[in-house]
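Each chain is listed here by its residues.
2 protein chains.
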Amino acid sequence: MDRRRPRRAGPAALRRRPGGHSAQDGGRGVNTEEDLLARVALTWLAEPGTRSVHRLVGELGPAATLDLLLDGGAPEEWLRAAVAARSREGDARSVAADALARTQRLGARIVTPDDEEEWPPRVEDLRRMVLPGGHRRVDRETAPPLCLWTRSGWPLREALDRSVAVVGARAATGYGMHVATELGYGLADRDWTVVSGGAFGIDAAAHRGALNAGGLTVAVLACGIDQPYPMGNAALFDRIAETGLLVSEWMPGAEPFRPRFLIRNRVIAAATLGTVLVEAAARSGATQTFNRALAVGRRPMVVPGPVTSAMSVGAHELLRERPSARLVTGVPHVLEEVGRIGADLAPPARAPQRPRDLLDDEATLVLESMPRRGTVDVDRLAARAGVDLRTALRKLSLLEELGMVRRRDNGYALVTHPAGAPGTSPARVSGSIADPPP
Amino acid sequence: MDRRRPRRAGPAALRRRPGGHSAQDGGRGVNTEEDLLARVALTWLAEPGTRSVHRLVGELGPAATLDLLLDGGAPEEWLRAAVAARSREGDARSVAADALARTQRLGARIVTPDDEEEWPPRVEDLRRMVLPGGHRRVDRETAPPLCLWTRSGWPLREALDRSVAVVGARAATGYGMHVATELGYGLADRDWTVVSGGAFGIDAAAHRGALNAGGLTVAVLACGIDQPYPMGNAALFDRIAETGLLVSEWMPGAEPFRPRFLIRNRVIAAATLGTVLVEAAARSGATQTFNRALAVGRRPMVVPGPVTSAMSVGAHELLRERPSARLVTGVPHVLEEVGRIGADLAPPARAPQRPRDLLDDEATLVLESMPRRGTVDVDRLAARAGVDLRTALRKLSLLEELGMVRRRDNGYALVTHPAGAPGTSPARVSGSIADPPP
Numbered sequence: 001m002d003r004r005r006p007r008r009a010g011p012a013a014l015r016r017r018p019g020g021h022s023a024q025d026g027g028r029g030v031n032t033e034e035d036l037l038a039r040v041a042l043t044w045l046a047e048p049g050t051r052s053v054h055r056l057v058g059e060l061g062p063a064a065t066l067d068l069l070l071d072g073g074a075p076e077e078w079l080r081a082a083v084a085a086r087s088r089e090g091d092a093r094s095v096a097a098d099a100l101a102r103t104q105r106l107g108a109r110i111v112t113p114d115d116e117e118e119w120p121p122r123v124e125d126l127r128r129m130v131l132p133g134g135h136r137r138v139d140r141e142t143a144p145p146l147c148l149w150t151r152s153g154w155p156l157r158e159a160l161d162r163s164v165a166v167v168g169a170r171a172a173t174g175y176g177m178h179v180a181t182e183l184g185y186g187l188a189d190r191d192w193t194v195v196s197g198g199a200f201g202i203d204a205a206a207h208r209g210a211l212n213a214g215g216l217t218v219a220v221l222a223c224g225i226d227q228p229y230p231m232g233n234a235a236l237f238d239r240i241a242e243t244g245l246l247v248s249e250w251m252p253g254a255e256p257f258r259p260r261f262l263i264r265n266r267v268i269a270a271a272t273l274g275t276v277l278v279e280a281a282a283r284s285g286a287t288q289t290f291n292r293a294l295a296v297g298r299r300p301m302v303v304p305g306p307v308t309s310a311m312s313v314g315a316h317e318l319l320r321e322r323p324s325a326r327l328v329t330g331v332p333h334v335l336e337e338v339g340r341i342g343a344d345l346a347p348p349a350r351a352p353q354r355p356r357d358l359l360d361d362e363a364t365l366v367l368e369s370m371p372r373r374g375t376v377d378v379d380r381l382a383a384r385a386g387v388d389l390r391t392a393l394r395k396l397s398l399l400e401e402l403g404m405v406r407r408r409d410n411g412y413a414l415v416t417h418p419a420g421a422p423g424t425s426p427a428r429v430s431g432s433i434a435d436p437p438p
Numbered sequence: 001m002d003r004r005r006p007r008r009a010g011p012a013a014l015r016r017r018p019g020g021h022s023a024q025d026g027g028r029g030v031n032t033e034e035d036l037l038a039r040v041a042l043t044w045l046a047e048p049g050t051r052s053v054h055r056l057v058g059e060l061g062p063a064a065t066l067d068l069l070l071d072g073g074a075p076e077e078w079l080r081a082a083v084a085a086r087s088r089e090g091d092a093r094s095v096a097a098d099a100l101a102r103t104q105r106l107g108a109r110i111v112t113p114d115d116e117e118e119w120p121p122r123v124e125d126l127r128r129m130v131l132p133g134g135h136r137r138v139d140r141e142t143a144p145p146l147c148l149w150t151r152s153g154w155p156l157r158e159a160l161d162r163s164v165a166v167v168g169a170r171a172a173t174g175y176g177m178h179v180a181t182e183l184g185y186g187l188a189d190r191d192w193t194v195v196s197g198g199a200f201g202i203d204a205a206a207h208r209g210a211l212n213a214g215g216l217t218v219a220v221l222a223c224g225i226d227q228p229y230p231m232g233n234a235a236l237f238d239r240i241a242e243t244g245l246l247v248s249e250w251m252p253g254a255e256p257f258r259p260r261f262l263i264r265n266r267v268i269a270a271a272t273l274g275t276v277l278v279e280a281a282a283r284s285g286a287t288q289t290f291n292r293a294l295a296v297g298r299r300p301m302v303v304p305g306p307v308t309s310a311m312s313v314g315a316h317e318l319l320r321e322r323p324s325a326r327l328v329t330g331v332p333h334v335l336e337e338v339g340r341i342g343a344d345l346a347p348p349a350r351a352p353q354r355p356r357d358l359l360d361d362e363a364t365l366v367l368e369s370m371p372r373r374g375t376v377d378v379d380r381l382a383a384r385a386g387v388d389l390r391t392a393l394r395k396l397s398l399l400e401e402l403g404m405v406r407r408r409d410n411g412y413a414l415v416t417h418p419a420g421a422p423g424t425s426p427a428r429v430s431g432s433i434a435d436p437p438p
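If you read the protein sequences in the order shown, they are chains A and B.
Sequential numbering from 1 applies to the first sequence in full-length UniProt numbering.
Sequential numbering from 1 applies to the second sequence in full-length UniProt numbering.
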C-alpha cells in the first residue's frame, strides 16, 4: 500500500459498528454506545493501565465495571479512594458523555479492543508485562488501554503494524538530534512507522525525520489529542495530525501531568516492534520506555555516543547493564533487529576490497617486505620476507603483473600510488599496524 | 612500591645469573652465554612467534635448536626456506654476537624465560593462544617470545604485573585522543602500567597520558629498541625510555617491516590484564590486538564513540559481534574489568540525589499533580493525584515540611526553585517525561 496517502475516515467514524465479542479484551456483550461511554468514564475515574479495572472489564464488560466502581466496589482500597476522589469532581457518566461529544466535534475517533480491525493487537501484551522491581504505581499498573483516541484517517492497527519507537533525551545534543532525524528519515523511507512521544529533542527529531521522508509517524500523547504537549511543538503536531497520527489514552482536554508520561510510555513500548534509545542522561525517562520495551519483549536498541557526553551516559549504562540491549549505529542495524526474519540484514562494516586481499600468505609477506623507497635485490627481499629464492621470484612476478612492484635493473621497487603504497591506506587508520619506516 | 622512581639496573645487567631450569620455557641446561646467543640467533633466523622453534627450544634447549635449524633440520618446509634465506644474509651466530655487543653498548638488556624474576609470566599463555580462523602466518605463529630486549632500570615482570593495554587508531580523532589521554593518565595515576605500541594517534596519547601522571608506561616495539618507530614519536620514546620501558622481541637495528606489527601485537595483548580499544576504523590493526587479547583470555574492552565517526565503526562492530567485548566509558569501568576482585568497582552512573527520591508513592503523585503555577484546592488535587482526601492532606503537610509546597488561603502552591520546580531539572533531560504544561 502507499503509506503516503492516508485513507480519510468517514464523518460517522465515531459510530461503532457492532463489534460482537472481542478476543482482545475478553469483553462480554456487544460494543454498544453504553459500553463505549463506560470505557471513557472508567478511563477518567482511574488512570489508564489500572490492572484491576482492566481485569474487571474483561470479566464483566465496561458498563457493569463502571456500575461496580461507582458503587464503591473497586477491589483495592487505593482505587476506591481514587474513584471517590474523582467522583467528587463530577459525575463520571456525564463527563464521559461530554468527552464523546467533544471527540465528535474534533473529528476524532475512539478505538476500542472491540474494533478488531483497528485495535493494535500488540498493546494487549501489556497484560503480561512485569517491570522488575516495579514498586511505583506507574510501574505496577501497566494494563492495556481501555480505549484510544486518535485524530487521523489512518487505521491505527495498520499504521502500527510495521513500527519502531525512537525515544531519547529532551535536552538532546546536536549529535543526538542528527542521529534521531536520520533514523526517523531512514525508517520512514523504508515504510516503517516512526513512533515517539512528541517531546522536545530526540522525540521531535525522529518525528521530523519521518515527516521529511514523506513517511508515517505516530505521536503517542500523555494528554488530550486536542491540546498536544509541549505547546512548542504545536506546528509539528499539526504536521503529524495531517499525514500521520496523534494517539492518546486520555480524553480531549486531559492535562499531561507528569505521571501520565510514564503511563503513556508503556504504550509506545508495546505498540512497536522495537525501541531505539538515542540519547539519555544518567537518570532519564527515556530509559523507562526502554525498560518497558524490554519487559514486554520488544527489541531494545541503543545508539552509543561520545563517552564525554552527559547525554549518552544513560545509553552506555543500558548497554553495560542490559545484556539484551543491542547496540545500533543506524537504520540497517535497526532493521536487522525488527525486520522480518531473513530480510533487512545489515551488512558488516567493511573497508573497500583491496588488491592485497587477493594475495596469498607468501605474496603478502614479499610485498610487505619491499622497502618503501628505492630498490631491493631478490636475495635480500627473500631474506626479509623469510621465503626461499624461488618463492620470492614467483611472487614477485605475480606482484609485477598486479602492478604492485616494478622490476628495475638493480632489483625490484614498489609501485607507489597516489594514496600511498598499495593497500596501505586502510592500515593508516590502525593503531598497531604501521608502515615500514622511510 | 613507588612506581615513579625506577630502580636503576647495574652496568653488568647483561650478564646472566645462572638461571637453572625454567618452568616457563621448559628449557633444559643452564642459561649460558651460548644459550643466550642461540636465542638471539633463532630470533633472527625465524621471526618471533614461530611455534615449532619455540617448541624445539623447550625440548632441546636454545643451542641445540640453533644447531638443528642451521643444519636444515627445521620441521616445516617453509621454515627451512626461511632459515636458508636468512643464512644467505650472514652467519646466524656472528649476527647474534654483534647483536649482543650492540645491546651492551646501548646499555640495554636481554631478558629470557630463564630469568624467572624478570620474565613476564603472562606472555607464556601465548602457548595456548589460538586465533579463530587464523590462516595467515602471523595468526598461526603466535608462540611466546624467545627473549625480550629492554632499555630501562625497571624489572620487566614487575612493570607489567598491573598493566592494561590501550590501543586504537593512528588516524585518531580529537575525541579519541582525548579519551586515550584521560585513560592513560587515570590508569597510571592509580598505579597501573599503561602498555601500547608507540604508534601515532591513540597509542601515543595513552603513553603521554601515563607520562603526564608521572606513571609507568611501556612501549612494545616492532623493531629494535635503538631506533623506535615512528621517528615522529622520537621525543615520546625518549621520555618513555627515561621513566618507563621500551621493549622489543627484535634485536637492535631490526626494521619494523609490516608483518612485525601483527607479530608484536600478541605480546601487548598477552602481557597485560586487559586491552582497551579506543578508536578503530572498520578494518583496523587495533582490532587485531583486541582479538589477540580475546584469544589469550584477557579482558577485552571497547570505548564507544559517535556513530557518525568512521573512527568508531570498528569499535562498534566489536561491541556488536563479540559478546565478551565490554563497553567501557572511562577508568572506573576499566578498573572494574581488570581490578582485583572486589576492589576497583565502578559506581553506577547516577544523577545527584533529589529530595523527591525521599518521597513515597503517594507523596510523589500529589507533588506531581500540583499545577506549575497558581494554587489548587485539596479536593481537586486529590482527584488529580487519584488519592483520597485524607491521604492528600497527610502528604501535603509532609511536602510543606520539605519546603516543596506552600499553603495559601485559597489552596496549595508549588514552591519553585531557581532550577525550576523541585526535582524537575533532572527530568528535563528525559525524552518521555515532561513537566506539566504552563
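For the record, the hints were derived by calculation from the structure and aren't laboratory data.
Beta carbons: idealized from backbone N, C-alpha and C, even for Gly.
Do not rely on the hints blindly, as some may be mistaken.
Some chain A residues close to chain B (C-beta under 10 Å, calculated; not the full set) [as the list claims (entries may be wrong)]:
hint	residue
1	P75
2	W78
3	S312
4	T329
5	R373
6	A382
Hint check results:
no.	hint	verdict
1	P75	violated, 15 Å
2	W78	holds, 7 Å
3	S312	holds, 8 Å
4	T329	holds, 4 Å
5	R373	violated, 13 Å
6	A382	holds, 4 Å
Hint violations for this structure: numbers 1, 5, all remaining hints satisfied.
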